[in-house]
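There are 2 protein chains.
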Amino acid sequence: MSDYDFEQWTCPIPLRDSPHVVLGHGGGGKLSAELVEHLFLPAFNNQALSQLGDSAVVEASGRLALSTDSFVVQPRFFPGGNIGELAVYGTVNDVSMSGAVPKFMAVSFILEEGLPIRELGVIVESMARAAERAGVAIVTGDTKVVDKGHGDGVFITTTGIGVIPEGIEIGPDRIRPGDKAILSGTVGDHGMAIMSVREGLGFEAPILSDTAPLNHLIETLLAERIEVRALRDPTRGGLAATLNELAQSSRVGILIDEKAVPIRRAVDSACEMLGMDPFQVANEGKFVALVASSDAEKAVSVLRGFELGENAVVIGEAVSEHPGMVVAKTAIGSSRVVDTQVGEQLPRIC
Amino acid sequence: MSDYDFEQWTCPIPLRDSPHVVLGHGGGGKLSAELVEHLFLPAFNNQALSQLGDSAVVEASGRLALSTDSFVVQPRFFPGGNIGELAVYGTVNDVSMSGAVPKFMAVSFILEEGLPIRELGVIVESMARAAERAGVAIVTGDTKVVDKGHGDGVFITTTGIGVIPEGIEIGPDRIRPGDKAILSGTVGDHGMAIMSVREGLGFEAPILSDTAPLNHLIETLLAERIEVRALRDPTRGGLAATLNELAQSSRVGILIDEKAVPIRRAVDSACEMLGMDPFQVANEGKFVALVASSDAEKAVSVLRGFELGENAVVIGEAVSEHPGMVVAKTAIGSSRVVDTQVGEQLPRIC
Chain E
1 MSDYDFEQWT
11 CPIPLRDSPH
21 VVLGHGGGGK
31 LSAELVEHLF
41 LPAFNNQALS
51 QLGDSAVVEA
61 SGRLALSTDS
71 FVVQPRFFPG
81 GNIGELAVYG
91 TVNDVSMSGA
101 VPKFMAVSFI
111 LEEGLPIREL
121 GVIVESMARA
131 AERAGVAIVT
141 GDTKVVDKGH
151 GDGVFITTTG
161 IGVIPEGIEI
171 GPDRIRPGDK
181 AILSGTVGDH
191 GMAIMSVREG
201 LGFEAPILSD
211 TAPLNHLIET
221 LLAERIEVRA
231 LRDPTRGGLA
241 ATLNELAQSS
251 RVGILIDEKA
261 VPIRRAVDSA
271 CEMLGMDPFQ
281 VANEGKFVAL
291 VASSDAEKAV
301 SVLRGFELGE
311 NAVVIGEAVS
321 EHPGMVVAKT
331 AIGSSRVVDT
341 QVGEQLPRIC
Chain A
1 MSDYDFEQWT
11 CPIPLRDSPH
21 VVLGHGGGGK
31 LSAELVEHLF
41 LPAFNNQALS
51 QLGDSAVVEA
61 SGRLALSTDS
71 FVVQPRFFPG
81 GNIGELAVYG
91 TVNDVSMSGA
101 VPKFMAVSFI
111 LEEGLPIREL
121 GVIVESMARA
131 AERAGVAIVT
141 GDTKVVDKGH
151 GDGVFITTTG
161 IGVIPEGIEI
171 GPDRIRPGDK
181 AILSGTVGDH
191 GMAIMSVREG
201 LGFEAPILSD
211 TAPLNHLIET
221 LLAERIEVRA
231 LRDPTRGGLA
241 ATLNELAQSS
251 RVGILIDEKA
261 VPIRRAVDSA
271 CEMLGMDPFQ
281 VANEGKFVAL
291 VASSDAEKAV
301 SVLRGFELGE
311 NAVVIGEAVS
321 EHPGMVVAKT
331 AIGSSRVVDT
341 QVGEQLPRIC
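Here the protein sequences line up with chains E and A, keeping their order. The first sequence begins at 1 in my numbering and counts up one residue at a time. The second sequence begins at 1 in my numbering and counts up one residue at a time.
Pulled out of the complex, with its shape left as it was, chain E reads as follows (with noise of 0.2 Å):
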């Protein structure tokens, strides 16, 4: 928690009489009132958020992608990021795996009593930063508090609405053999990160979560015409159960060369030590996009002019055979199939 400095963190003048929250700051009375006018309001300060109704009015029009996901990550506060803006990037990274354009974001908290404000202050500060990084409004939010010993501090659920622009079809079903695989960075930061606080492992340097916003980067693939059939996040479950999902939707099969995908030395390291496997980590700022194979090397060197995809690369490709299955080569010639774990193997990711 070393990244955060939460003296510095300044807690609203009608906040201070109770610097921690109770239950009255769900209540939908004076206390919650409080906490949506001194907090959230001058944090995610916007026209449709401040008009404080039931709900929030917005413009769009046409194909809108719309997706939901609940974060419950443990720690709160690890390297690289926090629950905050988590919270804020999953979402928008979500949306924007359709090809979307994420405009608009509802936020709702699930809060443990006794929770320090300060806390919250400071996550909710993370989520405005990563709110205008990303290019997304917050405009309408619910605040819940459940008592000591029935929730765990703090639950974010975020969800995003985007725009499809005209034109843009992305999705499995147009997968076809011979599509490229490519993967836009290093696989298992996010994962190991937290992993590593979790276990108490100490590397010279810290294994920093890759939570960033991955949707300047798509917009730019499909604004330089990059014919992009299939895109997908490898979160939970890793590269393994993305890789899979999108061979099972797809019905072709997906091989991919191993020592291709990339991996920093310190997360391979981690994995070997706690017997993992880096394909099955969860990663918070990576995505797959399987593209036409002729524009697969432009589709490249496009993500590489983004420091977020400076170690993007081609993994592999769609196949007519073993459709559904995904098969690696190994580095030592043979072939392995990637599977999907079964549960779960590292609980509360994200």
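These are calculated hints, taken from the structure and not from any lab test. Among the hints, a few may not be true.
Copies of one chain are not kept apart here, so a pair can be met inside one copy or by any two copies together.
Distance condition first, Cα-Cα at most 25 Å in a straight line; then the derived DMTMM-like pairs of lysine to aspartate or glutamate [unchecked claim]:
1) Lys-148 <-> Glu-112
2) Lys-298 <-> Glu-317
3) Lys-103 <-> Glu-307
4) Lys-103 <-> Glu-37
5) Lys-30 <-> Asp-257
6) Lys-103 <-> Glu-169
7) Lys-259 <-> Glu-112
Dock chain A against the given chain E, drawing on the hints supplied.
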């Protein structure tokens, strides 16, 4: 919980292996996929959801109303409803309060490890029925699982999107002195249904929650060209908080006739017994409408055509005196200020 026949609910085959929720059900692997495929998909069945992308793609245009709410009600099953239908109707109603026709919904679950799958099944089926009754499609969702002791069975966050018909302008800034305040039915039912279970109060007949979808009533009011200025549903904080919010946002005063507000006898008795003000108790299937004086009689008559509006009545009016304040004429002819409560009267009421 006697209304719910948990024994009758048949657990789909692949879920029978673990009759309780385990961490893996939120892990993004095969257990997560089984929950989606065998529980959520069959219940919420629709085209957008069945794509199972990172986001759902829907069509909508114009002014959209967006609302989100987390539901943490305790107990999860209460006389007259459960957390599932409450989560659907609560958001449907918030969307409707902008004059919008609710269309799409996103649902996110935070489950506690150990929750019986059977109980989740009953909740999900209730949600499906509620969505059908309200005419909304549940198009996307998420499930997270938290370790035992860090949640409380089921928390549900719903986010709704509705389309505001052309020409409809609803908001507290449109309230003018002389407008009539209409209440769609009795107050205090939901809060006292929850409270009577928690406190083990026995009455001749149980107090039932009023959880219900209000969108068809609102749509009909607007179709009948009633000049509706503002709408709000008196949930947390009750009628008192809602009238105060309307008065404060509109800068008019609101004067109500205390004895005009319909309250069921059992609710009134329970409130008296527990020392509660029924004006501050939560409702889940009622709304307050401020309408042009000339349309008030017709509005009441339209509402009374619905079972959900059979007790609709004019309870007061907007006045130019005491702007921002709500005043009630009492039964004995005096006046009192109706204030918003400070904290939480009834924790975890929704």
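Hint-by-hint comparison with the structure:
no.	hint	in the structure
1	Lys-148 <-> Glu-112	both (6 Å within a copy, 15 Å between copies)
2	Lys-298 <-> Glu-317	within (16 Å within a copy, 66 Å between copies)
3	Lys-103 <-> Glu-307	within (23 Å within a copy, 39 Å between copies)
4	Lys-103 <-> Glu-37	within (23 Å within a copy, 30 Å between copies)
5	Lys-30 <-> Asp-257	between (59 Å within a copy, 24 Å between copies)
6	Lys-103 <-> Glu-169	both (19 Å within a copy, 23 Å between copies)
7	Lys-259 <-> Glu-112	neither (44 Å within a copy, 39 Å between copies)
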